[in-house]
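> Starting from the known structure of chain A, fit chain B onto it as the hints suggest.
There are 2 protein chains.
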Amino acid sequence: MTPQEKLNQHRGSIDNLDAALINIMAERFRVTKAVGVLKAENDFPPSDPDREKRQVERLRKLATDANLDPDFAEKLLNFVISEVIQHHKQARK
Amino acid sequence: MTPQEKLNQHRGSIDNLDAALINIMAERFRVTKAVGVLKAENDFPPSDPDREKRQVERLRKLATDANLDPDFAEKLLNFVISEVIQHHKQARK
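Sequence lines, in order, name chains A and B. According to my numbering, the first sequence holds residues 1 to 93 in order. According to my numbering, the second sequence holds residues 1 to 93 in order.
This is chain A alone, in the form it adopts within the complex (with noise of 0.2 Å):
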């Protein structure tokens, strides 16, 4: 195999993957959404700061778990959340 055919290989699990990770996403939202709808309607509070810290405690031993850098997958949380808590705000107003 060519350095460009297994190049290709590679680039077609990477689209494998990132569907599926689009579709995770997506569901993810659809109950964080859900969230915000109940966040907003009983009043409670946007976002909950232990609830994140346990998040990211987990998720850095997920990933170091499954060989992923565990500041990246951090990043990567803080990252969703802060695009969920966006979307919380946008639902109150």
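Some hints could be false.
Where chains are identical, the list cannot tell them apart; a pair therefore holds if satisfied intra-copy or between any two copies.
Capping the alpha-carbon separation at 25 Å, the derived lysine-lysine pairs in BS3-like fashion look like this [to be verified]:
#1 Lys6 <-> Lys75
#2 Lys53 <-> Lys6
#3 Lys33 <-> Lys53
#4 Lys75 <-> Lys33
#5 Lys39 <-> Lys61
#6 Lys75 <-> Lys89
#7 Lys89 <-> Lys6
#8 Lys53 <-> Lys89
#9 Lys89 <-> Lys39
No lab work stands behind these hints: they were computed from the structure. As the structure is a computational prediction, the values presented were derived from the model and not from experiment.
This is chain B only, laid out in the frame that chain A set:
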């Protein structure tokens, strides 16, 4: 079910989806690390703007089909790609 019980149920779903995201992301990084080595060994450029443009277009469409904000999908991909490019640059040092 009380609002707090509903919230806890949603959070259980989010935690399951996050574990799936971490594992798929770990596999994606495993593949992009192999791509990084292949590119470094064969003196391919670390980034490929044409490939990235096609990835963005494809993922925006997949996101739209999954009812996920395509702008979020694009931001997410850019976030992941920028991490990968940093790793590729480090692999060359």
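> Using 25 Å as the alpha carbon limit, work out where Lys75 and Lys33 are close: within a copy, between copies, both or neither.
both (21 Å within a copy, 19 Å between copies)
> Using 25 Å as the alpha-carbon threshold, which applies to Lys53 and Lys89: within, between, both, or neither?
This pair counts as within: shortest intra-copy Cα distance 20 Å, inter-copy 31 Å.
> Under a CA distance limit of 25 Å, which applies to Lys89 and Lys6: within one copy, between copies, both, or neither?
between (45 Å within a copy, 20 Å between copies)
> For Lys53 and Lys6, with the copy left unspecified, which applies at a CA distance of at most 25 Å: within, between, both, or neither?
between (40 Å within a copy, 21 Å between copies)
> Are the CA atoms of Lys6 and Lys75 at most 25 Å apart within a copy, between copies, both, or neither?
This pair counts as neither: shortest intra-copy Cα distance 30 Å, inter-copy 28 Å.
> What label fits Lys33 with Lys53 when the C-alpha limit is 25 Å: within, between, both, or neither?
within (20 Å within a copy, 29 Å between copies)
> Between the shortest in-copy and the shortest cross-copy C-alpha distance, which are at most 25 Å for Lys39 and Lys61: within, between, both, or neither?
neither (28 Å within a copy, 30 Å between copies)
> At most 25 Å between alpha carbons: which applies to Lys89 and Lys39, within, between, both or neither?
within (10 Å within a copy, 43 Å between copies)
> As a check of your reading, is Lys75 near Lys89 (CA-CA no more than 25 Å) within one copy, between copies, both or neither?
So Lys75 and Lys89 pass the 25 Å test inside a copy (21 Å) and across (19 Å) alike.
In terms of the numbered hints stated before, the structure departs from hints 1, 5, listed from lowest to highest.
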